[in-house]
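Undergrad: I would like the entire structure built from these sequences, with the hints used as guidance.
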Amino acid sequence: MNLFFSLVVIAVLIALPWVLVGAAGLDYLFGVIVPYVALAVFVVGLLMRVLQWARLPVPFRTPTTCGQQKSLPWIKPSRLENPHSTLGVIGRMLLEVLFFRSLFRNTRSQLRDGSRLTYLADKWLWAGGLAFHWTFLIVVARHFRFFLEPVPWCVSVMEGLDSFFQIGLPIIYLTDVIIIAALTYLFFRRIVNPRLRYISLAGDYFPLLLLLGIAVSGVWMRYFDKTDIVGIKELSMGLVTLGPVVPEGIGVTFFIHLFLVSALLIYFPFSKLVHAGGVFFSPTRNLANNNRVKRHINPWDYPVKVHTYEEYEDEFRDVMKAAEMPLEKE
Amino acid sequence: MYDAGKVILGIVVFLALVTFPLWYNLAGEASVTAPELEKAEGSQCVEDAEWMRGHHMDLLDDWRDEVVRDGERYFVGPDGQRMEKSLSNTCLSCHVNKDKFCDRCHNYMSVDPYCWDCHVIPKEVM
Ligand code: HEM
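Which chain is which? The protein sequence lines are A and B, in order.
Here the working numbering = 1-based position in the first sequence + 1.
Here the working numbering = 1-based position in the second sequence + 331.
These are computed hints drawn from the structure, not numbers from a lab.
Be aware that a few hints might be false.
Unchecked claim - Stretches of chain B that chain A covers, calculated by requiring three or more beta carbons in the stretch to come under 8 Å of a beta carbon on chain A:
no.	segment
1	402 to 412
2	419 to 425
Said to hold, decoys possible - Quick list of the computed label-pair ranges, beta carbon to beta carbon:
no.	chain 1	residue 1	chain 2	residue 2	range
3	B	E381	A	Y29	19 to 25 Å
4	B	N438	A	W125	41 to 47 Å
5	A	T108	B	R384	50 to 56 Å
6	A	P153	B	G373	44 to 50 Å
7	A	V98	B	E397	19 to 25 Å
Stated by the list, open to error - List of simulated lysine-lysine pairs, DSS-like, C-alpha gap at most 25 Å:
no.	chain 1	residue 1	chain 2	residue 2
8	B	K337	A	K273
9	B	K416	A	K227
10	B	K431	A	K227
11	A	K227	B	K370
12	B	K337	A	K295
13	A	K306	A	K273
14	B	K337	B	K370
15	A	K124	A	K295
16	A	K77	A	K295
For every residue, glycine included, the Cβ atom is placed at its ideal position computed from N, Cα and C.
TA: Okay, here's the thing in structure tokens:
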């Protein structure tokens with residue numbers, strides 16, 4: 002059901018620009034208005050989420066047991082896995098954001114010899130995730146040739162490295178192959194494993210399919226259904242310099258590509274994809290474990306009216322004495 | 332708001348990244364619109380211009396394979412004329428200035444075809 006729903010939504014998202022640009026000629030709507038709206042929703046939505054997180058107090062450090070905590074001087078602390086200083090926290094964040102350190106710990110459980118529960122290392126999710134995220138970053142960075150004039154040298158260098166093996170013409174980008182392979186793996190991983198399929202929601206399938214749709218439509222446009230990319234650059238330059246134009250002769254594949262990207266931007270702040278910002282707010286990652294060194298006061302503590310035992314005794318001393326109860330002070 | 336300094340720094344970096352193309356293009360002098368191309372000298376291209384715009388690289392790629400691997404050096408143009416499958420001799424005989432034709436779009440789109448690693452540009456030789 003979750004899978005079916007996601008497939009239907011993707012099909013509709015592809016059909017809309019296909020029909021409305023291809024047959025009804027609404028290029029301005031799909032080439033200018035939708036992308037602007039999508040970008041606005043993306044920026045405002047993400048800022049709202051971030052400000053919402055920033056308003057929540059995180060009173061205590063949450064130590065995780067990944068490494069030895071800093072304690073006695075002769076016990077070696079684990080500076081990156083269980084950092085006690087800001088520098089260590091920055092190191093842990095970098096490992097997390099750039100290399101998905103936590104995911105590297107992923108394990109899978111298995112019954113061996115009938116009933117022996119065994120845990121095994123499972124690096125496939127980590128490898129697939131890392132492959133997808135890095136190639137996605139490179140693809141997006143390479144796209145800046147559509148948004149910048151003159152194209153900066155670092156974009157050209159990236160293109161050169163990405164087409165290193167000079168296979169085909171236009172030269173096949175290695176990242177194109179890797180991103181589609183990685184997304185396909187991540188998608189089928191959820192379907193093939195029954196336990197994973199059981200816990201997968203539409204919110205898990207849909208982003209994978211959407212990203213796959215974006216990558217495949219981009220690849221389709223570059224290698225198969227050629228379109229006028231000089232016209233596309235005019236369009237995208239118009240968008241980013243706030244003087245939008247829609248030149249003639251841009252193929253409908255481009256509008257599908259752009260519409261799926263717009264859908265991604267709109268979906269982003271309200272879905273699990275917002276982990277891109279959320280990772281920086283993860284208390285188990287971004288707080289130094291210095292509970293033993295520093296006292297952390299709960300910021301939502303308010304003055305509580307207390308009645309101590311001394312005061313209690315003062316108040317009831319006579320009665321207690323009469324009842325021959327033991328007293329701390331006579 | 333907790334950790335306001337760090338959160339605001341993050342937001343500023345995010346907004347700078349998102350709006351970077353706007354600043355970059357406003358700061359640069361370069362024109363935003365597609366480049367002008369020099370008119371070709373001949374009257375008839377090997378295929379129509381619309382098709383060539385998207386597929387010239389496919390055509391040249393096929394030509395290369397046909398010439399180099401199969402030794403088929405000639406083809407018959409749309410007007411019945413026999414022509415050589417040659418980038419330097421056929422294409423560039425009408426599009427006489429590589430820098431005012433090929434390079435204009437290639438630079439605009441940051442495309443750097445490796446054809447020119449070996450093929451000499453006729454004018455440069457003279
Ligand atoms: C999340 C954002 C995006 C992703 C992941 C993405 C992905 C891709 C991929 C994988 C390709 C295949 C070729 C390549 O890797 O360069 C591609 C091509 C293309 N994309 Fe995107 N794209 C995105 C956003 C955009 C946007 C915003 C535009 C334009 C406004 C755009 C325009 C194009 C064009 C014109 C091509 C064809 C390039 C060529 O023919 O060489 N893309 N895209």
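Undergrad: Against each hint, give a clear statement of whether it holds in the structure.
TA: Do the hints match the structure? See the list:
no.	hint	result
1	402 to 412	violated (count 0)
2	419 to 425	violated (count 0)
3	B:E381 - A:Y29: 19 to 25 Å	holds, 22 Å
4	B:N438 - A:W125: 41 to 47 Å	holds, 42 Å
5	A:T108 - B:R384: 50 to 56 Å	holds, 53 Å
6	A:P153 - B:G373: 44 to 50 Å	violated, 36 Å
7	A:V98 - B:E397: 19 to 25 Å	violated, 50 Å
8	B:K337 - A:K273	holds, 23 Å
9	B:K416 - A:K227	holds, 22 Å
10	B:K431 - A:K227	holds, 23 Å
11	A:K227 - B:K370	holds, 23 Å
12	B:K337 - A:K295	holds, 21 Å
13	A:K306 - A:K273	violated, 43 Å
14	B:K337 - B:K370	violated, 56 Å
15	A:K124 - A:K295	violated, 37 Å
16	A:K77 - A:K295	holds, 19 Å
When the structure is compared with the earlier hints, violations turn up for hints 1, 2, 6, 7, 13, 14 and 15 and for no others.
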